[in-house]
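Given chain A's structure and the hints, the job is docking chain B onto it.
Going down the list, the protein sequences come from chains A and B. When we follow UniProt numbering, the leftmost residue of the first sequence carries the number 1, and every step to the right adds one. When we follow UniProt numbering, the leftmost residue of the second sequence carries the number 1, and every step to the right adds one.
Note that these hints are calculated values from the structure, not bench results. You may find that some hints are simply not true.
[Said to hold, decoys possible] Which bits of chain A does chain B cover? Going by a derived footprint, with three or more residues having C-beta under 8 Å, they are:
1) 27-41
2) 216-226
[Unchecked claim] Derived pair list, reagent style SDA-like, types lysine to any residue, alpha-carbon separation capped at 20 Å:
3) K283(B) with K283(A)
4) K261(A) with K283(B)
5) K187(A) with N214(A)
6) K283(A) with E201(B)
7) K13(B) with P63(B)
[Claimed, not checked] Beyond 12 Å from chain B on every Cβ pair, some chain A residues (computed):
8) Q98
9) S146
10) T238
11) G302
12) V316
13) G319
Glycine included, C-beta positions come from ideal geometry on N, C-alpha and C.
Protein chains: 2
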Amino acid sequence: MTKHEELLHMLLKADGQFVSGEEISKNLLISRTAVWKHVNKLRDLGYEFEAVSRKGYRLLTKPDSIDEAGLQLALQTEVFGRKAIIMQSTPSTQGEVQQLADEGVSEGAVVLAEEQTNGRGRYGRRWYSPPGKGIWMSILLRPQQSLRNTPQLTLLTGLAVCRAIRSFTGVDAGIKWPNDVLVNGRKICGILMESALEDHELRYCIAGIGVDVNFDKQDYPEELSPIATSLQIETGKTVDRTLLAAAILTELEQLYDMYQKQGFNVIAALWEALSVSLHRDIKVSNAHGIVEGMALGIDSSGALIVQKKDGERITVFSGEISLTD
Amino acid sequence: MTKHEELLHMLLKADGQFVSGEEISKNLLISRTAVWKHVNKLRDLGYEFEAVSRKGYRLLTKPDSIDEAGLQLALQTEVFGRKAIIMQSTPSTQGEVQQLADEGVSEGAVVLAEEQTNGRGRYGRRWYSPPGKGIWMSILLRPQQSLRNTPQLTLLTGLAVCRAIRSFTGVDAGIKWPNDVLVNGRKICGILMESALEDHELRYCIAGIGVDVNFDKQDYPEELSPIATSLQIETGKTVDRTLLAAAILTELEQLYDMYQKQGFNVIAALWEALSVSLHRDIKVSNAHGIVEGMALGIDSSGALIVQKKDGERITVFSGEISLTD
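Chain A on its own, in the form it takes in the complex (with noise of 0.2 Å):
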């Protein structure tokens, strides 16, 4: 942690009352004269304080932005999100881990942006990005597995997006095979998993999340207004983006670890409980077709085992459903 980290991390510690310089001066083993220049720092990134002679400081707002010494201070991760690039806008979060991607960067690897101009849903579809609303992530990740299991991390992202979102706001959020997080049968996450080979092999996977978190009823767009929801729409408050930012890293970041230890299995039965298409009649459509019948629960792949209603079962490797029942 650098120094002015440090002092954020007191001064959030003490939760709204004042922190002496003297107190600050001691714990970080610095001058007075350096306390308020870290207090000006923070300053710079957004943060306001009272100042008062002989009570010390205390912090009064956060900056309403997605603030890089706030993400590092609430991470509880070894890696993921430790290389952090946090962006006005850019054309797509996807595009920029790409390219460190291909630069060699290493895993966990995040690029944040306030907003995206360009930003990629699945099926070549646009993910409506507006500046400050939401958490535009794009996260590197490189497994050491098969390209079989590619489904398996699909389920494993939406997941770790899916619990951070429940424990960080009570938000009873659920899950839509593969990795659609709804709230109220809305969603309010969209996960793009997007994978390099050379030939048949696994180069790297980039996990795009798009949470929706501020928005107002009146900042959808109309073909989305009877779709989308947000957390702040689910909640009636503000969410701190930072905050839930490095919540999601951090549950994706344990569940990634106990699944390159343990395997699926886990995964599977957490997926499994937080799932809202499970034992419902659906229609799947993807690149192949579209099939009908019940969604009966994830194989070993993480691939959807469909009962069709001739009765035969199939496994359904990726796609989109909706609920018919």
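Below, chain B without anything else, positioned relative to chain A:
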């Protein structure tokens, strides 16, 4: 075809003989002044002419570089190479096509470079791509097929290059699984097949092809000298890179069309006929380890069938083999 391409076509057909200005003017439906203008356009592109009054024009020499007009004339394809970008220098033609692919450019687009400053080989290796010596080319494919079949495309690309080299130069080239092209046991061409996935579906593939064309023995760095060879070394002659690139793209489109319409069987048979690594003792290295045994053949997905010394038969989807017998 543009007018200067038509003109070039006439002069190439004349095979070094004079073609009168009047004949050109009639054929191309342009004025004598316009003929002169198009001759100068070709001069700018590196062609050299003799112009003699009352006799007309004859082609003396073609440019030493890979040229767009010559490529378009020599191609016998519908789509492959019809969009071709020819660069003096680029870090990597794979990277260039990746960018085009993400922008939505359609199948068959090609980037060729005189030089790659950071040419990529398999397994993160460098590919030595000095200016003017080879064909450094990447082609965008958007196959409508399951991910499981990507090894088939790897084989198909190697087959196309091997067949084009054989028919264009007469050199006795063979294929080492999956797609190295060898002449007299030395590598003359390497192929890098990279693919992009969304979830578990193929978005596109980029076939990177590097052919050592006009290397002298002295052109090779010490470490490549014992294992690499070029068409110039093997034939004793300079080989026209533009025409060879066109021959490769033509062969590739023909095989790819056949594959899309009739499936992999015919490709597999053609591939096996040119293989130098079947029915021999081999060692395969890939991300999962090292296996020794005899290469028996390829299966319906394009994977290599290996019989281990203990009699067990396994299939290998990707890797690198060395001949041990």
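Results of checking the hints against the structure:
1. 27-41: Check failed, 0 qualifying residues.
2. 216-226: violated (count 0)
3. K283(B) with K283(A): Given pair K283(B), K283(A) is violated - Cα atoms ~46 Å apart, limit 20 Å.
4. K261(A) with K283(B): Status violated; Cα separation ~30 Å.
5. K187(A) with N214(A): 14 Å, holds
6. K283(A) with E201(B): 18 Å, holds
7. K13(B) with P63(B): 17 Å, holds
8. Q98: Not fine: 8 Å to the nearest Cβ puts Q98(A) too close to chain B.
9. S146: Per Cβ check, S146(A) is inside 12 Å of chain B; nearest 8 Å; violated.
10. T238: T238(A) is indeed farther than 12 Å from all Cβ atoms of chain B, at 33 Å.
11. G302: 9 Å, violated
12. V316: At about 9 Å from chain B, V316(A) fails to clear the 12 Å cut-off, so the statement is violated.
13. G319: 8 Å, violated
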